[in-house]
Amino acid sequence: MDFLKRFAKRLGFTLLTILAMSILIFFLVEIMPGDVAQTVLGQSATEESVAALRDRMGLDDPMHERYIRWAGGFIRGDLGESLYMRGVQINTIFWRKVGHSVVLALTALLFYVPLSILFGVFAGVKEGKAPDAIISFVGLATMALPEFVSGIILITVFAVGLEILPIASIIPIGENLWQNLDILVLPALSITFVMFGYVSRMQRSSMVSVMKADYIRAAILKGMPRKYVIFRHALKNALLPTITIIGMNMGWLFGGLIVVETLFGFPGLGSLTMSAIKTRDIPLIEACVLFITFIFVFSTFITDMLYAFLNPRIRYKRGDV
Amino acid sequence: MYTLERTQDPDIGHLKAQDFENLEKIATPDDHTVVITLKEAAPTFNFIFTDYNMAILSSDYDYASKGESAPMGTGPFKLEKLVPKESALLVKNSDYWAEGLPKADELRIYFVPDIDSSVSLLEAGEVDIVPQISPIIKKRLESMDGFKVVSPYQESRFIALADDREPFSDNRVRLAFKYSMDPEILAKACQGTLGETIFYNETPIVNALAQYKKIPFRGRDIDKAKELLAEAGYPDGLSVDFFYASDHPYGSDIAQTLKELAAPAGIELNLKGFPRDIYLSQHWMDGPMLLTGWGVRVDPSMLLMLAYHSEGPWNESHIDNPRIDELIEKIRGEVDPEVRQTYYDELQQIFHEEGTVINLQVPYLVGVSDAVTDYRQPLTMLPQLEYTTIK
Amino acid sequence: MNTYLLQLKRSPRAIAGLTILLIWIIAAIAGPSLLPYTYTGMDMDNQMVAPGQAGHLLGTDALGRDVFSRIIYGSRSILTIALLTSLLSSIAGIIIGFTAGYFGGIVDTIFLRIMDILMAIPPLVLAMVVLGILGNSTIAGLTIIVSIAFTPATARVARGALLTCKSTEYVDAARIRGESHIYIMFVEILPNTIGPVIVEITARFAYSIMMIASLGFLGVGLQPPTPDWGMMVIENKSLIRAAPWTVLYPSLAIASLVIAISLFSDFVSKVMINED
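First to last, the protein sequences are chains C, W and F. Numbering follows my numbering, with no gaps: position 273 of the first sequence is 273. Numbering follows my numbering, with no gaps: position 35 of the second sequence is 35. Numbering follows my numbering, with no gaps: position 57 of the third sequence is 57.
Next up, chain C with everything else stripped away, as it sits in the complex:
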């Protein structure tokens, strides 16, 4: 019962956050310098044509009216019309790219989560010994390489040496992503490096503290086999903070997506956002940023809920945490 109350409360707040974010994003983009109509028509446009376009686009209406129009459209599923590509409805191109990015993000998660947990736990268990030193060092080194650096390294290795994976992520005409899954590998790997470094280190330190806990040491002293203790008791408790870590790092994952998609030319939300910013396509920028925020907030929400669900102390206890 408590859990449901918590769930509802958090959900409500999440939706409120999204609403507030939408206002913030809209406001932020609108106050940026540069006349939208001028941008569309170019430098050589006459005063009259600029004024005419402003009128047609409703740019001189008061801000709250424009916001309501935009937000209302969004709720109905209409993301508006692109400024740069006139006549093109954002909806027609947006969802395809979002789908691609979701697959890429999931692939990256698939790569790095099991790897980080595995190696983090292993390093934590073997604290102070050789495997720990090696894993910690690798984690540290990969954590220090921004995604674009690891991306460039991967491109060079695969372009020159191995040639078995495509280093530019295009989807041949008429095909879709599922027929070209190999374009996911290198971009996802680039993100994996950084995330692995971070999460494996966290996992390791979490494992180390758990191993030092009294009840674990007591169990080992009592004569229970080490492996048993690790798998039955230590692991459960060491994993809980990891969920939080992964959730907390979703923000970084999204940032990484933008960098990596740009580098590899992967047709996803990240490269769409870059392109929108470069061409100052205001409606597209707003749609992209709002959606990224939406997904991010939701993933935080899910992580929180997962943590609360799995953590017996919260699940079965009253009160706020």
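Just so you know, the hints here were simulated from the structure itself, not pulled from any lab data. Keep in mind it's a predicted model, so treat the numbers as computed, not measured. Beta carbons: idealized from backbone N, C-alpha and C, even for Gly. Treat the hints loosely; a few may be bogus.
[To be verified] Only pairs whose alpha carbons sit at most 27 angstroms apart, straight line, appear in this in silico DSSO-like list of lysine-lysine:
id, chain 1, residue 1, chain 2, residue 2
1, W, K214, C, K278
2, W, K103, W, K139
3, C, K126, F, K237
4, F, K9, C, K212
5, W, K391, W, K78
6, C, K212, C, K227
7, W, K224, W, K214
8, W, K272, W, K259
9, C, K212, F, K270
10, F, K237, W, K85
11, F, K237, W, K259
12, C, K278, W, K259
13, C, K129, F, K237
[To be verified] Some chain C residues near chain W, calculated using beta-carbon distances under 8 angstroms:
id, residue
14, V157
15, I170
16, G223
17, R226
[Claimed, not checked] What follows is a set of in silico ranges between Cβ atoms, one per label pair, in the way DEER data are often shown:
id, chain 1, residue 1, chain 2, residue 2, range
18, W, D370, F, I29, 51 to 57 angstroms
19, F, L34, W, L209, 27 to 33 angstroms
20, F, I91, C, R217, 39 to 45 angstroms
21, F, P244, W, Q384, 56 to 62 angstroms
22, C, H64, W, S151, 52 to 58 angstroms
23, F, P244, W, E231, 45 to 51 angstroms
24, W, E166, F, I91, 38 to 44 angstroms
With chain C fixed as given, assemble chains W and F onto it according to the hints.
Structure of chains W and F alone, referenced to chain C:
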């Protein structure tokens, strides 16, 4: 006819409005003939139609709302599929007006934002043609089997010194800047060789054109530059905001090299690079110093009219020189090519002495796989893909 | 303080991290004046030469500029921005987080919710959108935007740290004495929460370096010819086969700085927080 009339529509703000003001009347005696009567003589009028913004349009098509997603024109290929920002599929237009063309059945275009990725696709055999590659990529492709690099034409990079504001409104300052130039170094910065792949002059007319007059470079002279600056009232040097498109080929390299070259003379350039779309819509035409890529026009008077006539719509350097205006107008109306050439000669001399532009010619490079035959791209900048095939 | 120093001596990792950091700081301050080349000087006879040739320790790039010099000069901007960013976001975060935690109740709830909302945009996305629309960045602009992006996270940590000491004896004692709120917050509580706060500052430092490098990569870094390490990597990306040193060394520079700070941060966290 619809196309021509459209140029005069004030709502659209067509670039060629001025060029077609000369139209007295248009008649279409039959379905395939257009008779154009001009108010004044203009011997090179035909060439206006070669400009890239003069595609022939249909009078009953809604270009305003469908122009981007479902274009309609008279070309050799039809748009069959378009995934914005990703790819496009064009198929042969069986009703094309030229017999036997186009030779290819299909064109597949991929939009890849990163040039290195595009080239890796070329190397992997996934694509056959990659336009607008850099000289460094050219070197790499040429050392590999199975690829060649075509250099269909030269483009200009105009360095515009604005005449309507400080500091370049004073010709002495403009000359001072020109005295700090070193074309050899500029050529090397563009990974080329002066006189072979890169050319430098101080008029808007490129050396490939018949009307070009070779005026020797004045030579780099930092002392002279400082002297001129002092005369103009800047004994301690000056600083200027320099706008350019940071993601346009050669842009960033040229800008940084200019900064280095001008520094010893006391001219400090504050580099302000922006992505091309932002540069063109926000800063171009409105800065004391600009770097812009220009395509060549087959008839140089078209470009002169656009950018160097005081009333030209693209007069980026805001030049307002009555003698230049006069010469340009005379060139447009002069029927005798020899007399016309004397006007061109005088024009170029004036540019050298008091002009507001430095013209750095850089090659436009296209990477092509050996399997491609007959890739043509004339000076008009539009590739004539109707002739191209794959072996 | 002495115990910390003692423990420092016993930890080779921390010493390594601190050493690297100091080397970069010294390089940033004194380096440029010791170098034979400037970061813009174009040695056109030696474009793209390999490290060790023609007097260029780490080679030159496509415009004949000395890579080593550019990296040393670049350390200035990256350290300055990273330092300012971590300090600014930490100070702002502490003030906001402490206020929220200390006063509790409605104030706390409001602050918390506002911070949550601000944290809803991933920091890189926020910075990229703002800077991308503005067109380019200055040192001041980058510092401010990245600080704003980081403040909410710092505020949360500060708030958490304050809550752990809020109901301790010395705080109660100060309250009974009648000390002002500000006094209590900053004189009594702050020194006792210094551990997590320092860890947070060092973490922010590392993040901001990554962020600035990434923003440079995305094209909204500092204007050329400023030798911003991230921009150096993106500018020279095409040269990776012809002149790999132009990409390799800036990348190593970024990595070394981040590793150094992480090592130091690990040490601080071990020593100042997990005191069992």
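Status of each hint after checking the structure:
| no. | hint | verdict |
| --- | --- | --- |
| 1 | W:K214 / C:K278 | violated, 40 angstroms |
| 2 | W:K103 / W:K139 | violated, 30 angstroms |
| 3 | C:K126 / F:K237 | violated, 40 angstroms |
| 4 | F:K9 / C:K212 | holds, 24 angstroms |
| 5 | W:K391 / W:K78 | holds, 22 angstroms |
| 6 | C:K212 / C:K227 | holds, 15 angstroms |
| 7 | W:K224 / W:K214 | holds, 23 angstroms |
| 8 | W:K272 / W:K259 | holds, 11 angstroms |
| 9 | C:K212 / F:K270 | holds, 14 angstroms |
| 10 | F:K237 / W:K85 | holds, 23 angstroms |
| 11 | F:K237 / W:K259 | holds, 23 angstroms |
| 12 | C:K278 / W:K259 | holds, 25 angstroms |
| 13 | C:K129 / F:K237 | violated, 39 angstroms |
| 14 | V157 | violated, 13 angstroms |
| 15 | I170 | holds, 5 angstroms |
| 16 | G223 | violated, 60 angstroms |
| 17 | R226 | violated, 50 angstroms |
| 18 | W:D370 / F:I29: 51 to 57 angstroms | holds, 55 angstroms |
| 19 | F:L34 / W:L209: 27 to 33 angstroms | violated, 51 angstroms |
| 20 | F:I91 / C:R217: 39 to 45 angstroms | holds, 41 angstroms |
| 21 | F:P244 / W:Q384: 56 to 62 angstroms | violated, 39 angstroms |
| 22 | C:H64 / W:S151: 52 to 58 angstroms | holds, 55 angstroms |
| 23 | F:P244 / W:E231: 45 to 51 angstroms | holds, 49 angstroms |
| 24 | W:E166 / F:I91: 38 to 44 angstroms | holds, 42 angstroms |
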